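Enquirer: Residue numbers (my numbering), protein chains in the order written: chain A, 2 to 246; chain B, 218 to 633.
Honestly, the hints are just simulated from the structure, not real lab data. Everything numeric in this text was worked out from a predicted model, so none of it was measured. From the three backbone atoms N, C-alpha and C, an ideal C-beta is built for every residue, glycine too. Incorrect hints may appear among the rest.
Using 20 Å as the maximum straight-line C-alpha spacing, the simulated SDA-like pairs for lysine to any residue come out as follows [stated by the list, open to error]:
(1) Lys219(B) to Arg129(A)
(2) Lys479(B) to Leu323(B)
(3) Lys219(B) to Arg84(A)
(4) Lys219(B) to Lys479(B)
(5) Lys219(B) to Asp80(A)
(6) Lys328(B) to Lys219(B)
Some chain B residues well away from chain A (every beta-carbon gap over 10 Å; in silico) [unchecked claim]:
(7) Thr384
(8) Phe553
(9) Ile630
This is what each chain is made of:
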Amino acid sequence: MGTDTPVIELRNVGKTYVTGDVQTPVLFDISFRIHRGEFVAIVGGSGSGKTTLLNIMGLLDRPTAGQVLVAGDEVGHLDELGRAEVRRERLGFIFQFHYLLPEFNVLENALMPCRIKGPAFQDRQEPRMRALLETVGLGEKLASRPSQLSGGQQQRVAVVRSLANNPALVLADEPTGNLDTRSGRVVFDLMRTLSRESGTTFVMVTHDDDFALEADRVIRIRDGRIEDSAAARSEAPPRLAAVGS
Amino acid sequence: MKLTFFTVSVALRHLRYGVGQSLLTIGVVAISVLLIVYLRTVIGGTQRSIVNNVTGTIPHIVLEPAERTPIGAWRLPGMPAGELYVGETVKLPRALDRIEDWRQWLPALEKDPDVTVVSPTVAGSAFLFRGSRRESVRVTGVIPERHDRIVNVEENLLEGRFLQMATGEVVLGTRLARDYGLRLRDKVRLVGPSGRALSVTVAGIYETGAGQLDDGQVFVTLRDGQSLLELGSAISNIGLRIGDIYQAEAIAQAMAPGVPFKVRSWISDNPNVFRTLGAQDQTINMVLVSTIIAAGFGIASILIMSVTGKFREIGILKAMGATPGEIQTIFVLEGFLLAVLGCLVGIPVGIALLNALSSIRAPGAGGRMTQVFNIQIDPGLLAFAAAVAITVGVVAAFFPARRAGGVDPMQVIRGS
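One chain only, chain B, in its complex shape (with noise of 0.2 Å):
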């Protein structure tokens, strides 16, 4: 490139005389530049939605009893050596759904880099009684200040509190509630499977919109989980949150060999969801990809016209000493050019269009008005278009500019 007064002149000079081919080709950039930056935006903002429904109630990661695996009779103590055994190996029910040294596991789990949160849970069905009504509910006993960071139940309260919840107080969702006429220290019993029997408080009340949360789910401490579901000290599974959810499965997987557990991700548990992003992803991708090229070629087809219609120019030019290499600058920076006021229309439009749709709100849970489209303008994201369009502007300048520079004087000037 030899960008001198020469060079820079005559690009500008070109695409401001040839304004309507320089304005068409600027709206071609700003179209592909716009659709790159609003489609990943919205999609993005869509996919976050749909990944924030699924795990925004869930852990990440569960760590649960290991299932265990037989053990060949003739491996037993005491069986005699060198005798033949016939017999069939099955896959045996876990025999304990609980774990009980969980509390030695607690802080090499919490300084996994990868973990954010660990929250010892206890879970299990119990019935609950108010006068004659007797429903059975999921009872999840918790630590409130480590749970209400996998499941955001605080937030989400539509009265009284779930951080404090004490021993014998619940925390329960808003349908459950509205079934048994159940208001704020109101008394209810719990009884376990085994017929253990636990009277507790409301403590709160909420509402997440997620129906399996707000109908037949209640929480209690995890002592009180304990003792309702009879775990003696021992908890039914370890939920935790990672920084990068995409990553869950691949840390899941990591993380397997080293602890005495079943690791499950929320990935492994809802692959169809995550499918349908992945697929989404490259459909959006082959769009973008697809504007991007025709944007290129947008580019290149005006300066291969330009350059063609300019031939006895750029003899002259050549003539009078020009050097092929600035005759090439001359078309590469008008390329970039046009890229780059391609992105200084487009950009700001994106952005323009994106604000609107992310000012636009509508009912949501518990008739709160929320956003509709979850938008997050991300910089990176503008920086990335932008490089883009620009490269393609100039990779698909390069090749009429070559042209250009290859312009032999001697045979346009005769005018054959």
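Pulled out of the complex, with its shape left as it was, chain A reads as follows (with noise of 0.2 Å):
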């Protein structure tokens, strides 16, 4: 993908679940780009839709009206392997809960992506993922169990795990709402500083206002739609000054 094609776009999708008869709108007319490096906050009450938002930029849901498009590419019309194979190739995942799987060690479920991939994927980035750890402070824990960890240090272990793919574009879903101000904290530091130093994309789900205001760019949602509409349609490349700094 050439430098100045958005990580990803979205162009004027909407959602809808329909229930029987009943249809219950979600998503209305959402247009926007996201650049390579940028680290972007998703902010709204709750019912606003952000999380909808995110799970069709993530490939998990499917929107009922516009395009998707992951590095220029359109996946509207993807199968559910299709999919599975831009998950597995191309994105990244933080869910509030860490969802580390108890039967591997810390190691093992920072690798998890590059499992999927196969061993010699996995073997390949063993080294970065062991380095990643080190970073994070969990050096001393890659044999460990992810029970045996801290809710804080389960998180940093999903953080680091949802680079194991080299992504283009981590999707985090409230990733610090589930912890206590000070590991929420460390975690989002955590992200801003890999996203910085790998210049990989953040998109990230939160009602902290602290740390949406951190953020590169904030996409503010409001009852499914778009609220601040400039910052949405920010055709600028993002702060170029911020990435490898």
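Hey, can you piece these two chains together into the complex? The hints should help.
Expert: This is the structure in structure tokens:
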């Protein structure tokens, strides 16, 4: 992809849930572009549709209107296998809960996306992931079970895991929502740092305004629409000064 | 099935991590495999013993003189036509208890691929005299080397010989010998129903353990039997032995239209034995089917629990790009591995148990120590039990696995 191709682009995306005869519109006419290296916060009240938006960006949900382009490729026509492949190759996920697999140790959990891609890929990524776990202060815990870690530590493993497949885009759904303020701050700073150092694009759904203010860009959602359209339509490249600084 | 590094390693890790559940399931599978192998072998052995006891001393199929069909009087030669005859159709007794033309039938019978032994036999009653003692006995005139393959006399000899029995010799059971105080080379007299007498020498004494053979039964050569019973060159019946004794009735029925004899099989002569064995088979099979179904439910329920408890982990794996097929493979593989491990436990334990059982000995006929259980471990049965267990394991795992494959990450990750 060219340097000016957005990592992800939404064009007039809408979503309506249909239950029997009842239609519940959740998202209306959402359009934005997010570029390489950006750290974007999506904020909004509960029920605003921000998680639905994130699920659509993560190819976990399908829009009922509009288009989603990942690295310039339209993904609306993809079947389940095709979408799984896009997630496997290009996306990373962090959720409110860590969802580490209890049967695997910290290093193995961090490498799980690589395990899905195959043993050769996993072997290539292992040194990098070891180093990343060291960086986030878990160097001593590589062989520990997830259950032996604190909540903050578990979420740090989840953050490292989201980078295992060298994704173009990491989607984080309230990654600090389940942590106390201090641990939440550690995890947020970690994401911010990793984004800067690796040039990986992060999109984070949060209801915490403090964190949102520290993002490169904030997309506010209210009642399924983008509130601050100017910010969303920003065609300007991201603050390049922030990248690699 | 997608057997990849990812699916295999996750399945193995699940089994190892949930070792308690795994062992429980392996135990259930092992027990059902054990039951299949153990019950089928023990019951099969018992049934074989029963059948051997029944058929060991009789031919599987007997060809006898045909019953004569009455002919209407009007069809007799020389009867005037166009007249009315009134009468009653009666079943005639067999006029001749003999087969005259048996020699011409032997080659054809021997060529029949189902038939392994053909033994022309003379049978009738006679009195056995020694001193003042006189008793009625059954006389069977045989060609020893043929008949020994129907009733195994030679192997059951206490003394003397049977296969080389010559004209003028008799071989008899131990009880009869004891009653008469007979030893080898003693002389006795046999007197046929029409008074024909024959002086014979005791050439062998046997004990089969079967009462009707050991008591009141004597064997002489075919020629001696024919002369004692005044049959000339005729015989009483032809005994056959066949490869698969359970096919006796079918073979007998297939044979009947082609021969001028009445054809009887051991099965039609012993319908109760056959019915009992069939009922026993059905009972055992029902027990086994129930066990297998229980094992299947065991595997299924444990995997359902496992899948339900892992919905969120499955969700995150799918979010990370694992395909439904891969997730499904993980759980089918778990069912398969649990079944295989169950077989690896159940089959050796079954074999060990059967070996222990087959080493039990108790005094049998003639005071010899014999096996109590007729145990023959059939590799085919072991393979069958393993195949059943593994099939059940995979089928039982399929439904929870499909459920796991269909997990929607969006639904489970938010914790709703």
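Enquirer: Now tell me if each hint is right for this structure.
Expert: Against the structure, the hints come out as follows:
1. Between Lys219(B) and Arg129(A) the alpha-carbon distance is near 28 Å, which puts this suggested pair outside the 20 Å criterion.
2. For a cut-off of 20 Å, the pair hint linking Lys479(B) to Leu323(B) stands: about 15 Å separates their Cα positions.
3. With a C-alpha separation of about 18 Å, the suggested pair Lys219(B) and Arg84(A) falls inside the 20 Å cut-off, and the hint holds.
4. With a C-alpha separation of about 64 Å, the suggested pair Lys219(B) and Lys479(B) falls outside the 20 Å cut-off, and the hint is violated.
5. Of the pairs offered as hints, the one joining Lys219(B) and Asp80(A) holds, with about 18 Å between alpha carbons and a cut-off of 20 Å not exceeded.
6. Distance hint between Lys328(B) and Lys219(B) is unfulfilled; the C-alpha atoms sit about 56 Å from each other, more than 20 Å.
7. No beta-carbon of chain A comes within 10 Å of the beta-carbon of Thr384(B); the shortest separation is about 85 Å.
8. The Cβ of Phe553(B) lies farther than 10 Å from every Cβ of chain A, with a closest approach of about 18 Å, so its non-interface assignment holds.
9. The claim that Ile630(B) lies off the interface is violated: its Cβ sits roughly 5 Å from the closest Cβ of chain A, which falls inside the 10 Å cut-off.
The structure is inconsistent with the numbered hints 1, 4, 6, 9, although it conforms to all the rest.
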